[in-house]
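The listed protein sequences derive, respectively, from chains P and C. Residue numbering for the first sequence follows full-length UniProt numbering, starting at 1 and increasing by one per position. Residue numbering for the second sequence follows full-length UniProt numbering, starting at 1 and increasing by one per position.
For the record, the hints were derived by calculation from the structure and aren't laboratory data. You may find that some hints are simply not true.
[To be verified] Think about it this way: if two alpha-carbon atoms lie no more than 25 angstroms apart in a straight line, the pair counts; the simulated DSS-like pairs of lysine-lysine are:
#: 1; chain 1: P; residue 1: Lys79; chain 2: C; residue 2: Lys428
#: 2; chain 1: C; residue 1: Lys428; chain 2: P; residue 2: Lys66
#: 3; chain 1: C; residue 1: Lys430; chain 2: P; residue 2: Lys66
#: 4; chain 1: C; residue 1: Lys430; chain 2: P; residue 2: Lys79
[Said to hold, decoys possible] Chain P stretches covered by chain C per the calculated footprint, using a threshold of three residues with CB under 8 angstroms from any CB of chain C:
#: 5; segment: 64-77
#: 6; segment: 127-138
Note that the structure is a prediction, hence the values are computed from the model and not measured. From the three backbone atoms N, C-alpha and C, an ideal C-beta is built for every residue, glycine too.
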Amino acid sequence: MSGPGASKKGDLPDLLTAAIFIGFGALGLWLSRNLDGGTLSQMGAGYLPRAVSIILIVLGAAIGLKATRSASQPIEGLKLRPLLIITLSVIGFAYLAEHAGFVLASFWLVVAGTLADPGSRLRTTLLLAAGLTAFGALVFVKGLGVQIDLWPF
Amino acid sequence: MNTFDLLMLGFSEAMTPANLGFCLIGALLGTLIGVLPGIGPTATIAVLLPITFFLPPLAGIIMLAGIYYGAQYGGSTTAILVNLPGEASAVVTTLDGYQMAQQGRAGAALAVAALGSFFAGTVATFGIAIAGPMLSSFALDFGPAEYVSLMLFGLLAATILASGPVLKAIGMILIGLLFGMVGTDQATGAERLTFGSIDLFDGIEFTVIAIGLFGFTEIITNLERSGSEGVKVAPLTRLWPTREDFRRAWPAVLRGTGIGTFLGILPGGGATLASFSSYSLEKKVSKNPRAFGHGAVEGVAAPEAANNAAAQSSFIPLLTLGIPSNNMMAMMLSAFMIHGITPGPTVLTNQPEIFWGLVASMWIGNLLLVVINLPLIGLWVRLLTVPYRLLYPAILLFCCVGIYSINNRIFDVLLAAGFGLLGYIFRKAKCEPGPLLLGFVLGPLLEANLRRALLISQGDASVFIERPISLTMLIATVVLLALMILPSFRKKREEAFQEEEA
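Chain C on its own, in the form it takes in the complex (with noise of 0.2 angstroms):
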């Protein structure tokens, strides 16, 4: 079958009723949490992630992803309407978003925002759709040996791309490492850092520590900082753009959708990155640069095709390689995993419906966002008036039965409120729990591939720099380790997460 029937194939899987009604589902639970600043893509799609049990592989894939994407339209609407950006990928929107807003132009920047967000997420989808089958073709021909650089590789560039200091980061990915090992060990079945305790002897489900570290973490947090003072919501305007912002808006989203879907590629890109480096070029490129945070159009379009793009393109690693670039995908990846499926280069052969679904439904989610969000806005803005204290109770309860209902367990649940304990203290210690994550999904693979690969070799660690593509993995590990070693890259990137702290 060529390109155009896998494609076919996909369309006709994302658009049976149940799979339209789970992308609708997705995108608006998406769009909503978006809007609803202190909710974050991360936390509801670990609340939501026992409830995919539920439903059949693709439909709870497509809802997943549909939330993921859905978030950072939401995202941008309340950081244009009320300079409050829902999600950590709008912040930069807020810079030039608001100020058209406070200019009487909240509608164009939202259509603006919006179109740029549709085409960017049409042109990630197709970059998908190509992209998916070369390089899947290509990690056939993997080794173990290539696994384990592979990951060395995705692990260490997710730090460095990730925010924080990267010593901390790579510390979290150890701890994320160790809670992997916890359990029956694969290969020996001896049991493992289980302090004999029976429950723990399947491992620490993956859940557990999401739920923890991000939802219960997230409350606490969010209840301490309360407070939220009365939101001010820009007057709506007249939706459509002036033919003017038409016209500046245009490359700005050409270029703000390359960024993205390259970036989004990257071990630890994602949407903050994009959105953040797409602005920073389009003040660079500019001729008027002392317009951007005055209302610039480019402002808007730019971020948001960008961090939309990367959002989609994001999921290219984990569909094609099985290796999850961000916190995000590592979620996505344990999707998959409860219904038994692995994703990776044999996903594509054995089960294509599951990624051309996948893929099929983005655009279609795409499409049904901005026909949700350009009508809609209204309703999403009168969302934010509801207050924290309401919605987090309601939260509090969807964490709990979610992490019960895997594997009817109360164990579980207790353990999720342990994690939630140390969450805090990681967050008081300036620790970012997402590479914890990664360290803990990838942690078993790691392991397997590496003892593989060493077995084969009878011990002989050099057989990771004898294969071409295992030392090239290597190479660029090195050379990402010593770009952080020089002083000019390491200012860079500082100044870049300053930007971001702002």
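One chain only, chain P, in its complex shape (with noise of 0.2 angstroms):
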């Protein structure tokens, strides 16, 4: 059971890869665990996830022995500045659409957006949050009906 390219492919992606299969396989085995498994004819809710958990963990445990054995190779490029800037704005738009309205969380979301590059400048930023946030309130508030309130009042 060896695909094409696993061979060529070395450590941390596939080790990776790995652990992401079986933690998967896992988890759904034990979401499912309550779950009635049925017959072959009559199909519970639990028997499909239990089939697919258990194959991913096989799968998961085959490609991570043989990454074990293949030359390394290094996760590339890992900075967690985007990563954590980008995931962190989306998640204040979300609660400031919420509680504040649209015109602060699309502000937000643009000017903590920017931040995740480190060549942005201020007043670029703010004229691009203005510009973005008067046309998502102008074409999706206003114009396609988005269901969200504009201002926090």
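Each of the two chains sits in its own frame; use the hints to bring them together as a complex.
Now the structure itself:
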């Protein structure tokens, strides 16, 4: 059971893959522990989730075993700044949109989001934020009727 | 009604001012994102999916389709002029297209690419018009067992033809299947894999996964890479190719169209695979293979025709069988579903205007693309100079508003942020997220049909090999798997994808 490319692909990315697959498989098994399995002719809710999870774990184990034996290969270009900033700015948008309205949320998203790029300048950022917020308010909220308050009051 | 009447019906649908307008918007948007590197059609369509909810079904689908084939056009423009493939499918075009541009024949290369694509698009559109009704009348005989086998074949073939290690792709499909099971089980009504959260009882929204895995992740990884150097644009010359160019490009376009149309139909095929295959075919049949890589016009004509033909013909399995063959088609499937239409043989009989309207609009869209692209090339190229740091906040905002608008739920936005994180981990593990999307979309269908088939046969699994169509499909699946194990085929496939990565 060796896939093509697996022989060349090395250590870390494949080990990470194995961890992901086994992790999801285990999670699937755990979450479906109380579900009724049923029989082949009367499949219960738990039949397929369990089957899929088990295959996933086997697959992950196979990839992991192979990865420990193949030549080492690093995980490329890990930079936390864009990852964290983009994720946080989206989460912030979600909360602000609910409690403070679209205008503030959108402004936050653009301003916080641009921090992910080290070369951003405050002036351009503010202009961009104002422009995009106005555009979004007009097109999405007014034009397309997305159900979201514009202002917190 | 015969095919001609139906086509006329399609054209009358596609030619209404509104639909024409959305076709144009789609084609323009497609060209735009095709030109801009760092924004792919998958992410764009994911972002725009929620918006199509506000449009009539046909208009929304016409627009999304326009984005898909428009991106193939736009991608080639930048490939030729600045050696920067806007889309993966345009990577091979850079080889000879940029060389032509360097030799002062940029105009000819662009014109050959555009005309070749138009020709291919026309042929593939007619291919859909002819193959569609045939395949779907065939599919009317399908029972649950046939669908299960077809989906298994589709999913496996998709992983084998798509790039990357097969084991990882299969694993990604399985994860997609798991995500597809989240929520209330259709058959028993039990809550599954929800962590007990009420927000997940209705399952995960397709758009949430698509925007998370493609939209957010793409932004994050693009920012990681940042530092885009200045772009050097090759000077534009006269557009019309010489007679010699025409003579050499013509047969290449024909071959490219053939390959593209065929590969587009296959599961996992699609534009990228088609352009690579047709390029290597041209190199093989050429009397002068050494000219390739140094500005051979065939090297532009064939892949451009092929990727456009494939972009269109990949609609065939979706429209006739209801089975998406790649992640773009998974997006299209959910665009149909948003409007409560399940693509498949019944759409052709019950809502012929949807199928034929889309077919007609594809041809119109291709015509529009030639008209838009050739005179406006200067404008598109200037867009290349817009820095990414001005673009991504806009994309980010569209993503967030888009997700929110589906259910007016903040939870969906948070979930998408989570999928963005997950997508990032997938990238670092070198796992392609495409198969996950396919698994997610096909999962519920697969489960429902599997249950039905086994219920009818009272748990007897031999039902899958007793029915001839189902058996054929399973044999095809096994043959594909066996091919994967054969060393010679494996090597070929690896080579093909290495070229792609280079």
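Now the hints, each set against the structure:
1. P:Lys79 - C:Lys428: With Cα atoms ~11 angstroms apart, Lys79 of chain P and Lys428 of chain C stay inside 25 angstroms; holds.
2. C:Lys428 - P:Lys66: 18 angstroms, holds
3. C:Lys430 - P:Lys66: At roughly 15 angstroms apart (the allowed maximum being 25 angstroms), Lys66 of chain P and Lys430 of chain C satisfy the hint.
4. C:Lys430 - P:Lys79: 16 angstroms, holds
5. 64-77: holds (count 3)
6. 127-138: Coverage by chain C holds for the segment 127-138 of chain P (4 residues, Cβ < 8 angstroms).
When held up to the earlier numbered hints, the structure conflicts with none and fits them all.
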